[in-house]
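Read top to bottom, the protein sequences are chains A and B.
First residue of the first sequence? That's 1 in this note's numbering, and the numbers climb one at a time after it.
First residue of the second sequence? That's 1 in this note's numbering, and the numbers climb one at a time after it.
Calculated from the structure, these hints are not laboratory results.
Ideal placement from N, C-alpha and C gives every residue a C-beta, glycine not left out.
A portion of the hints provided could be inaccurate.
What the hints assert, rightly or not - Pairwise CB distance ranges, derived in the manner of DEER restraints:
(1) Glu199(B) / Cys160(A): 23 to 31 Å
(2) Ile14(B) / Asn137(A): 43 to 51 Å
(3) Glu199(B) / Asp12(A): 35 to 43 Å
(4) Lys87(B) / Tyr79(A): 41 to 49 Å
(5) Gln237(B) / Ala77(A): 28 to 36 Å
(6) Leu183(A) / Gln237(B): 26 to 34 Å
(7) Glu71(B) / Cys156(A): 44 to 52 Å
(8) Gly267(B) / Asp32(A): 14 to 22 Å
(9) Pro227(A) / Ala225(B): 35 to 43 Å
(10) Ile14(B) / Thr192(A): 30 to 38 Å
(11) Asn109(B) / Asp99(A): 35 to 43 Å
(12) Glu199(B) / Gly94(A): 31 to 39 Å
(13) Tyr176(A) / Glu12(B): 37 to 45 Å
Claimed, not checked - Here are the simulated lysine-lysine pairs, DSS-like style, with alpha carbons at most 27 Å apart:
(14) Lys250(B) / Lys72(B)
(15) Lys245(A) / Lys303(B)
(16) Lys72(B) / Lys2(B)
(17) Lys72(B) / Lys188(B)
(18) Lys31(A) / Lys187(A)
(19) Lys133(A) / Lys211(B)
(20) Lys250(B) / Lys242(A)
(21) Lys33(A) / Lys188(A)
(22) Lys35(B) / Lys217(A)
(23) Lys303(B) / Lys217(A)
(24) Lys196(A) / Lys133(B)
(25) Lys239(B) / Lys224(B)
(26) Lys216(B) / Lys133(A)
(27) Lys196(A) / Lys33(A)
(28) Lys239(B) / Lys216(B)
(29) Lys224(B) / Lys236(A)
(30) Lys236(A) / Lys303(B)
(31) Lys2(B) / Lys188(B)
(32) Lys245(A) / Lys224(B)
(33) Lys216(B) / Lys204(A)
(34) Lys35(B) / Lys2(B)
(35) Lys217(A) / Lys53(A)
(36) Lys224(B) / Lys242(A)
(37) Lys196(A) / Lys53(A)
(38) Lys85(B) / Lys250(B)
(39) Lys2(B) / Lys133(B)
(40) Lys33(A) / Lys211(B)
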Amino acid sequence: MKILVCIKQGLDKEEISRFDEFALEEALGLKDKFLEAGLTDIRVDVITAGPTKATAVIKRAFGMGADRGIHIVPRDAGYSPAFVTASNLAAVAGNNSYDLILTGIMSQDMMEGQTGPMLAELLGLPCVTAVVKNIFNDNTGIMQVEREMENGLRDCLEICLPALLTIQAGINTPRYPSLSNMLAAGKKQIITLAEKDLFPAPVKAKELLVSVEYPEKTRAGQLIEGPLSDQVSQFKAFLREKDLK
Amino acid sequence: MKPILIIAEVIENIIRPVTWELIAAARMIIALNDKGLNGKDPDGKNSRADKNDSQGIQVIVPANDPMALAEKITSSTGIDVLALKIKGLVSYTSQVYIESLGRLIPEINPSHILVANTSQGRDFAPGLAVRLKAASIPGVTGIRRDNEGLLYSRPVLDNTRNMVIRPRPGCVVVLTLMPGVFLSSAGKAEHPGSITIKEISIDSGSEVVHKEILKKHRGDQALKAAQVIVAAGRGIQEKENLELISRFAKCFSNSALGVSRPLVDTGWIGYAHQVGITGANVAPRLYIACGISGSSQHLAGMKDSDWVVSINRNPEAPICCHADLCIVGDVLSFIHAFLESE
Chain A
1 MKILVCIKQG
11 LDKEEISRFD
21 EFALEEALGL
31 KDKFLEAGLT
41 DIRVDVITAG
51 PTKATAVIKR
61 AFGMGADRGI
71 HIVPRDAGYS
81 PAFVTASNLA
91 AVAGNNSYDL
101 ILTGIMSQDM
111 MEGQTGPMLA
121 ELLGLPCVTA
131 VVKNIFNDNT
141 GIMQVEREME
151 NGLRDCLEIC
161 LPALLTIQAG
171 INTPRYPSLS
181 NMLAAGKKQI
191 ITLAEKDLFP
201 APVKAKELLV
211 SVEYPEKTRA
221 GQLIEGPLSD
231 QVSQFKAFLR
241 EKDLK
Chain B
1 MKPILIIAEV
11 IENIIRPVTW
21 ELIAAARMII
31 ALNDKGLNGK
41 DPDGKNSRAD
51 KNDSQGIQVI
61 VPANDPMALA
71 EKITSSTGID
81 VLALKIKGLV
91 SYTSQVYIES
101 LGRLIPEINP
111 SHILVANTSQ
121 GRDFAPGLAV
131 RLKAASIPGV
141 TGIRRDNEGL
151 LYSRPVLDNT
161 RNMVIRPRPG
171 CVVVLTLMPG
181 VFLSSAGKAE
191 HPGSITIKEI
201 SIDSGSEVVH
211 KEILKKHRGD
221 QALKAAQVIV
231 AAGRGIQEKE
241 NLELISRFAK
251 CFSNSALGVS
261 RPLVDTGWIG
271 YAHQVGITGA
281 NVAPRLYIAC
291 GISGSSQHLA
301 GMKDSDWVVS
311 INRNPEAPIC
321 CHADLCIVGD
331 VLSFIHAFLE
341 SE
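Model the full structure from these sequences, guided by the hints.
Set out below in structure tokens:
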């Protein structure tokens, strides 16, 4: 079984984006189960697209137990629409016949949740997003998954591999990198590929970034700073004034 | 003019109310386009669409038996509906939606495709956009126009900024719209629109099979009934500090303890306490957010509270834009000081 986990830098650039950590843990958990059952034919690859610094997340993934790392260097620094990233990932994943591709439900920075489902469409794979539970039957190749909906509902599905899942937060507890893995990580090679080689003609973005703004306030947002005692008395005055206590 | 297409959200054969919000947004887009054409108010910020204006909008309602749903939509909005009968569709799957909508939509040739930014919309919209070679802008919370056309804004970077995006001119664009932002406009239409029936059978799509929809008992009655909710987020740092938040909550009568999603995800406390889109939607008299930065999913679940107080070290946390009072400082020290003063 070959698993690919698509990961991205978090807001703290050294770390794996929170949601992607859950995806990686799902893959590593599956690998553990295979190994416990004496099945050694399992491999977890991680892939990321970003600047050279982004290789830090691959090293962290090695520390957690990933086997191979792929780094895609984008053509342009800065805003990369999900479709461009998904095209890059598809160019690599398409040649490697993965049985399962996992990614976080969204990135922490862009918060789009598009790269996974777009990658699935580009590869012609079935896709389930916001997965909160999955059980794989190695004999049938079928994965039972539960997708989180609103209002406490869960959609239960069966999906035939190969497939792509995006993983919701809270599905597991991501492990910390282990010392032995960290030491072994130094020997693992990261395969580096450039977007300009994957796509000599640029993938044309259909979305243009116009500007970045501060969000508008929906309430007064009166800032109460200063010594604690003042803050407490102002808070109490607020409660009295609005008759809240 | 190319039509604006809306994909109705249907779950368990019921039209989800977010569909009315999509219709409101479509009317807003039409009003903004009209203003652009007339050259008046290019900013269009304060535009309000004429409620009777249903021209140029079409709603697709995909279901195994969509007629009753289609009638409900057109009688309450006056908008033309395309009842998409997908034979044998038991329940939503992304595969069936992308396949059937991907076949149907090019015939309609719309300018915009509006989808709810819900668990269902997020599941199929990006793939559909790729299938249609369309631009795709998810999680839209604002629509406006400048001299060159429509602009869409959406929160990024943990909600601390908005990104403003313009689709490449001439591209059809798939927008997923954040629920609770565009005010719903359903009522009773004077003149119902027309209903067109279209039948599609899907042979492929067997790789994903729907089994059932599970209903988890939320147990959030305490949150829903409370007049005051004191809610904790990651800023409280340790599980043990929940005890302090609980004591703080007890200072208020008719109060309950809420939390943001990460605290439930890490297993500190049960799901019954979770506030937000994936937990409870609450609207108490007073909401006190303790160490909560304010993710969109959390904000959407508590924005209707009468008064909101935030206690947070970071005055630039997104919650501060959506609170009446922002106490800037360490949440634990503040609560200790408050408890001592009681």
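These are the hints, each one checked on the structure:
In this structure the supplied range 23 to 31 Å holds for Glu199(B) paired with Cys160(A), their Cβ-Cβ distance being about 27 Å. Our hint of 43 to 51 Å for Ile14(B) and Asn137(A) is violated, since their Cβ atoms are close to 33 Å apart. Here the CB-CB span from Glu199(B) to Asp12(A) is close to 52 Å, at odds with the stated 35 to 43 Å. Look at Lys87(B) against Tyr79(A): about 42 Å separates their beta carbons, and that is inside 41 to 49 Å.
In this structure the supplied range 28 to 36 Å holds for Gln237(B) paired with Ala77(A), their Cβ-Cβ distance being about 35 Å. Between Leu183(A) and Gln237(B) the beta carbon distance is about 31 Å. The supplied range of 26 to 34 Å therefore holds. Taking 44 to 52 Å as the suggested C-beta distance range, the pair Glu71(B) and Cys156(A) does not conform, at roughly 30 Å. Between Gly267(B) and Asp32(A), the C-beta spacing of about 20 Å keeps the proposed range 14 to 22 Å intact.
In this structure the supplied range 35 to 43 Å holds for Pro227(A) paired with Ala225(B), their Cβ-Cβ distance being about 36 Å. Between Ile14(B) and Thr192(A) the beta carbon distance is about 50 Å. The supplied range of 30 to 38 Å is therefore violated. At about 38 Å, the CB distance of Asn109(B) to Asp99(A) agrees with the hint of 35 to 43 Å. Checked against the hint of 31 to 39 Å, the pair Glu199(B) and Gly94(A) passes, with Cβ atoms roughly 34 Å apart.
In this structure the hint that Tyr176(A) and Glu12(B) lie 37 to 45 Å apart at CB holds, the actual value being about 41 Å. Pair hint Lys250(B) plus Lys72(B) does not hold up; C-alpha atoms about 46 Å apart against a cutoff of 27 Å. Simply put, Lys245(A) and Lys303(B) have alpha-carbon atoms about 20 Å apart, close enough for the 27 Å limit, and the pair holds. For the proposed pair Lys72(B) and Lys2(B), the alpha carbon gap of about 24 Å is at most 27 Å, so the pair holds.
Restraint check for Lys72(B) and Lys188(B): satisfied, since their Cα atoms lie roughly 10 Å apart, inside the 27 Å limit. At roughly 20 Å between alpha-carbon atoms, Lys31(A) and Lys187(A) fall within 27 Å of each other, so this suggested pair holds. Of the supplied pair hints, the one linking Lys133(A) and Lys211(B) holds, its CA atoms being roughly 14 Å apart against a limit of 27 Å. With a C-alpha separation of about 19 Å, the suggested pair Lys250(B) and Lys242(A) falls inside the 27 Å cut-off, and the hint holds.
Among the hinted pairs, Lys33(A) with Lys188(A) is consistent with the structure: their alpha-carbon atoms are about 23 Å apart, no more than 27 Å. At most 27 Å may separate the alpha-carbon atoms for a hinted pair to count; Lys35(B) and Lys217(A) meet this at roughly 26 Å. Among the hinted pairs, Lys303(B) with Lys217(A) is consistent with the structure: their alpha-carbon atoms are about 12 Å apart, no more than 27 Å. For the suggested pair Lys196(A) and Lys133(B), the alpha carbons sit about 21 Å apart, so the restraint of at most 27 Å is met.
For the suggested pair Lys239(B) and Lys224(B), the alpha carbons sit about 23 Å apart, so the restraint of at most 27 Å is met. Only pairs whose Cα atoms come within 27 Å are accepted, and Lys216(B) paired with Lys133(A) is accepted, the gap being roughly 14 Å. Straight-line distance between C-alpha atoms of Lys196(A) and Lys33(A) comes to about 39 Å, which puts the hinted pair past the 27 Å bound. The suggested pairing of Lys239(B) with Lys216(B) holds, with an alpha-carbon distance near 24 Å, which does not exceed 27 Å.
Of the supplied pair hints, the one linking Lys224(B) and Lys236(A) holds, its CA atoms being roughly 25 Å apart against a limit of 27 Å. In summary, the hint linking Lys236(A) to Lys303(B) is supported, as the alpha carbons are separated by about 22 Å, within the 27 Å threshold. For a cut-off of 27 Å, the pair hint linking Lys2(B) to Lys188(B) stands: about 26 Å separates their Cα positions. The straight-line distance between the Cα atoms of Lys245(A) and Lys224(B) is roughly 19 Å, inside the 27 Å bound, and the hint therefore holds.
Taken as a hint, the Lys216(B) and Lys204(A) pair is broken in the structure, with Cα atoms around 43 Å apart against an allowance of 27 Å. With a C-alpha separation of about 17 Å, the suggested pairing of Lys35(B) with Lys2(B) holds against the 27 Å cut-off. Our distance criterion of 27 Å between C-alpha atoms is broken by Lys217(A) and Lys53(A), whose separation comes to about 35 Å. Between the alpha carbons of Lys224(B) and Lys242(A) the distance comes to roughly 21 Å, so the proposed pair stays at or under 27 Å and holds.
Taking the CA atoms of Lys196(A) and Lys53(A), the gap is near 18 Å; set against the 27 Å cutoff, the hint holds. With a C-alpha separation of about 54 Å, the suggested pairing of Lys85(B) with Lys250(B) is violated against the 27 Å cut-off. Restraint check for Lys2(B) and Lys133(B): the C-alpha separation of about 17 Å stays at or below 27 Å, so the hint holds. Straight-line distance between C-alpha atoms of Lys33(A) and Lys211(B) comes to about 25 Å, which keeps the hinted pair within the 27 Å bound.
Hint violations for this structure: numbers 2, 3, 7, 10, 14, 27, 33, 35, 38, all remaining hints satisfied.
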